[in-house]
Amino acid sequence: MGKKLLLQHINEPGIQTFEVYRKMGGYASVEKALKTMKPDDVTEEVKKSGLRGRGGAGFPAGMKWSFIDKKSEKPRYLVCNADESEPGTFKDRYLMEKIPHALIEGMITSSYALGAKTSYIYIRGEYMYIVRILEKAIEEAYANGFLGKNILGTDYSLELYVHPGAGAYICGEETALLESLEGKRGNPRLKPPFPAIAGLYACPTVVNNVETIAAVVPIINNGGDEYAKIGIGKSTGTKLISASGHINKPGVYEIELGLPVEEFIYSEEYCGGIWKGRKLKAVVAGGSSVPILPTNLILTTAKGEPRLMTYESLSDGGFATGTMLGSGGFIVMDETASIVENLYTFARFYHHESCGQCSPCREGTGWMEKILHRIEEGRGSMKDIDLLADIAKHIEGNTICPLGDAAAWPVSSAIRHFRQEFEDHIKLQRCPLSR
Amino acid sequence: MTENKTIAFSDEALAKAKKIIARYPEGKQKSAMLPLLHLAQAEFDGWLSPEVMDYVATLMNVKPIEVYEVATFYSMFNTKPVGKFLLEVCQTSSCWLRGSNEIVNHIKKRLNIEVGETTDDGLFTLKTVECLGSCGTAPMLQCGADFHENLTIEKVDELIDALKNKKERSSYLKSLVNS
Ligand SMILES: Cc1cc2nc3c(=O)[nH]c(=O)nc-3n(C[C@H](O)[C@H](O)[C@H](O)COP(=O)(O)O)c2cc1C
Ligand code: SF4
Ligand code: FES
Chain S
1 MGKKLLLQHI
11 NEPGIQTFEV
21 YRKMGGYASV
31 EKALKTMKPD
41 DVTEEVKKSG
51 LRGRGGAGFP
61 AGMKWSFIDK
71 KSEKPRYLVC
81 NADESEPGTF
91 KDRYLMEKIP
101 HALIEGMITS
111 SYALGAKTSY
121 IYIRGEYMYI
131 VRILEKAIEE
141 AYANGFLGKN
151 ILGTDYSLEL
161 YVHPGAGAYI
171 CGEETALLES
181 LEGKRGNPRL
191 KPPFPAIAGL
201 YACPTVVNNV
211 ETIAAVVPII
221 NNGGDEYAKI
231 GIGKSTGTKL
241 ISASGHINKP
251 GVYEIELGLP
261 VEEFIYSEEY
271 CGGIWKGRKL
281 KAVVAGGSSV
291 PILPTNLILT
301 TAKGEPRLMT
311 YESLSDGGFA
321 TGTMLGSGGF
331 IVMDETASIV
341 ENLYTFARFY
351 HHESCGQCSP
361 CREGTGWMEK
371 ILHRIEEGRG
381 SMKDIDLLAD
391 IAKHIEGNTI
401 CPLGDAAAWP
411 VSSAIRHFRQ
421 EFEDHIKLQR
431 CPLSR
Chain G
1 MTENKTIAFS
11 DEALAKAKKI
21 IARYPEGKQK
31 SAMLPLLHLA
41 QAEFDGWLSP
51 EVMDYVATLM
61 NVKPIEVYEV
71 ATFYSMFNTK
81 PVGKFLLEVC
91 QTSSCWLRGS
101 NEIVNHIKKR
111 LNIEVGETTD
121 DGLFTLKTVE
131 CLGSCGTAPM
141 LQCGADFHEN
151 LTIEKVDELI
161 DALKNKKERS
171 SYLKSLVNS
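From first to last, the protein sequence lines stand for chains S and G. Mapping to my numbering: the first sequence position 244 is 244, numbers consecutive. Mapping to my numbering: the second sequence position 60 is 60, numbers consecutive.
No false leads were slipped in.
Each computed DSSO-like pair below joins lysine-lysine, with the alpha-carbon atoms no more than 27 angstroms apart:
id, chain 1, residue 1, chain 2, residue 2
1, S, K149, G, K18
2, S, K74, G, K30
3, G, K30, S, K136
4, S, K184, G, K28
5, G, K108, G, K127
6, S, K74, G, K19
7, G, K28, G, K63
8, G, K18, S, K117
9, S, K74, G, K18
10, S, K184, G, K30
11, G, K127, S, K370
12, G, K28, S, K149
13, G, K19, S, K117
14, S, K184, G, K63
15, S, K98, G, K155
16, S, K70, G, K28
Just so you know, the hints here were simulated from the structure itself, not pulled from any lab data.
Chain G on its own, in the form it takes in the complex (with noise of 0.2 angstroms):
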């Protein structure tokens, strides 16, 4: 995000988020704060910096100090900047049972990058989970909304090449379309 450029959301993700706001009762509006972050991160860069955290603060009316320790509890957000495409290997065990530690290392190898990081051209993020409810199509890794199952060493290959090519960003946020 650039310095100078003002924080806000686009007129059909405010929208979006009046909406959201709208389905809790009087005075409660900060049961919104999920859906929220995850609407913000979905706008701006897959991650939370200080600034959208504090621009969410004031869609509820609530203070700053309530959205940082929110988002700092839940796994799905990011508090620091990462790559266009997270890819989250699971590694729990009917995965591992079935040869998730291949994959991770498969990835690395490949990537040339270790789990958390981030490879140079900013396009690949690795990551390790805990298990996604995919245990029947295992292993697997999630990659912004969609699930990658029943993976192989070749999958793997093949999901890497395909999204190099693609332009936009995999966010599960365009998920939340009828919201």
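Isolated chain S (complex conformation) (with noise of 0.2 angstroms):
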């Protein structure tokens, strides 16, 4: 049994009330920092904990946060992004839905590092059942002195708040996400500036992914260097995955990052293996963005090694043999799943998605989703494989915001991989594989 720091007492009967919560150890992490550490203390042992953002790009955390702009005489803010849209996530749901005292906790003692008086959670407004979840913590915790004024007799106040967005996988940008709190469309902005020195309302800001604020509360109460001594190298620590597809037991597990990909996938105590006793033939590892790879791939590097579940180990090789950890949307395809219309859903997904900013990207995806359906049904000629890799690669690094990388990535990867699969489909005029 790998170690367990954010899901430990999942099971707890009740653990989602603040009573059971504290009886648990809730809210020492509160407690230690406000009382014994300096706010830059707290920013230390983060950054000694080598904590790296859960949200999709795996940028260290403490690092950011040093980057707030503390001469700034305008207030500073901390939102927390529980957008979660990216295919194949469903992580921070599980976590705010079951523990979500987790996360108030670590909103207070991160907004303590970060000087920040007023805090928001921007979270998707499809998990609306979830908003009233987050509120009902957070009220126990104004009603029991963990929020509102001169916290714990201290004379650090803070004021928390749940903000529900209202269905657009681009706020899940940080950027965009801002202009959404402001109450406009979801339109990402030109960075620099960045949101450290300029964000919620031009004021320094930090925005961070609901399980890495989750995160914070294991690192201030064990100290950042015993965090750091899990995992392998620049991956430290444990990390939510969300399993879907064509598993046997599909759900989010939490896992000490270094753990195969071998024995995620087969283990009991995770995955359970692949369904109605089929192969596996394909893995999307870190959310709809990142490339696909073939069985032989995600099981073992180029170099022949085992891969393991890391930032390093699962980008070695690059995009010719590596992927993304990502956001850990771990989504795998048995032998009977068609690559061309796994691609076609995600071709649709972006084109829907693109906030229309930027030509390449407004129309590559649509290009892309209709290309991809014509291959699907039988009506794509040979040219189209290479006008999707052409236009794939005409979208990558020419847009405002990743999404265009975002849409680009699993075209250009499932042609690299799986181009048979797509000649097969332009031979037979049909889905090979269609149940």
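Take the two lone chains, each set in its own frame, and fit them into one complex as the hints suggest.
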């Protein structure tokens, strides 16, 4: 059994309530931070922990915090990114629903470190039932003196609010999220300036993922060095993985970073192997945006070493033979799945979600969707494959925000690793695998 | 909505709206846009008419165009009337891998409508949506705030039968109680 830091009390009856959460040691990090540490000491521990952002990009959290403009006279904000719309990702929902106080506690401790007096949790609108769960938890925290004026008798005060979005994947991108929180369309901003300098209402702001903020709790409780002992190299700590698709046991699993991919897929503790006794064909390891890998490459690197669940091992070999840990949305496909049709669902998704500001993304995503649809339906031509690859190449790196790349990478990688299957669709004039 | 009815929130909704606006700093009341539009949609039959949007604009003291451009950007806001029960079936990868196409086809047949259409009795609208964060319990659909997961054809039939007997519109806004 791997070490659990976020989900260890998940099966405790009543853990959703303040009372039980507190009895299990909850809110200790707030007491420790506010009573015995300076805000910068908290940031220092997070730096030492090596914690990397769990929203997808993997940027070191402590470093991000240290960029916040503390010379500015303006108020500072912490905004939690609970937009969770990357296909294949459902870990933040699980955490917020099952153990909401873990997020609230992390928000208080992190807001203290950053000197934020007001913080927001921006949650995707479709998770409306979780808004209620979070608001209840927040009310309990206020009632017990962990939020509001002079928390625990100290001179630190904090107001915390939940803010629902309204259905737009792009609002997970941090600057689009801030626009949305200001009551506007979710159009990503040009960077710089970065949010740490000019974020919400042009004030210094940190945006962090739900899981990143929740991880601050064990880091402060046990110390950054202890946290850094878990994992391998620059992949420290534990990670929530959302496992879905053709496996026996879909669900959210907390793993120690460094777990072999093969063990994750086949052991009873995690995915429990491929369903219906079938064979593994491909995996999208980190949410829809990352390159897809065939069985041989997801289980072993190009050097022939076992592939591990770490940022480094998953990206070993670059995009030629590797992928990314991303958001930890682990989508598994068995031998009967059509790579082309799966890719079509992704292309349709990105086309639907493009905000439309940049022409390569706005036009390119629609074009890719159309071509993939025609190939899947058996109306494609061989030239379409190169056309697809070409469109993807022209989107990559030419847009305001990374959604363009996110739309292009799955396409380039599918053609790279499964070109034969595209050709079969075209030659047979139908999907060779359709059920 | 009847034409001679002036558009205004109920007292309860208005109290909520004021509380929501107060969460944002002085002069930043426009931040209340999305929560207020959700509230408005729940108050006025599940969709946002131009009149409703104008009313929301006055609450935040912004121009109507600022509301229109936002309402049309987000997929959860309906700018046309919808059925009493909106069935939103996820069609993205993980749901597709576990049979969302069959679910959509079954609902189409059972209700005799295409995606995007509403049944003649005004009860059901069928919509396909992108990943709703239920990939581990796929296939799934959302109706109001409720997630219906690990769907089978039988479960879909049971749901439709149950909804037919329900009086109230299923509103995701019931969840905003504490706000
Ligand atoms: C198109 C797009 C969608 C994103 N969606 C999310 C999301 O749903 N949740 C999230 O935490 N980060 C998302 N991100 C990443 C955020 O921009 C940002 O990097 C993250 O919230 C930072 O938090 P972290 O450092 O704690 O990971 C998205 C990025 C892009 C480009
Ligand atoms: S890349 Fe796409 S989503 Fe991002 S800003 Fe440009 S058009 Fe919008
Ligand atoms: S793919 Fe359907 S809920 Fe995620």
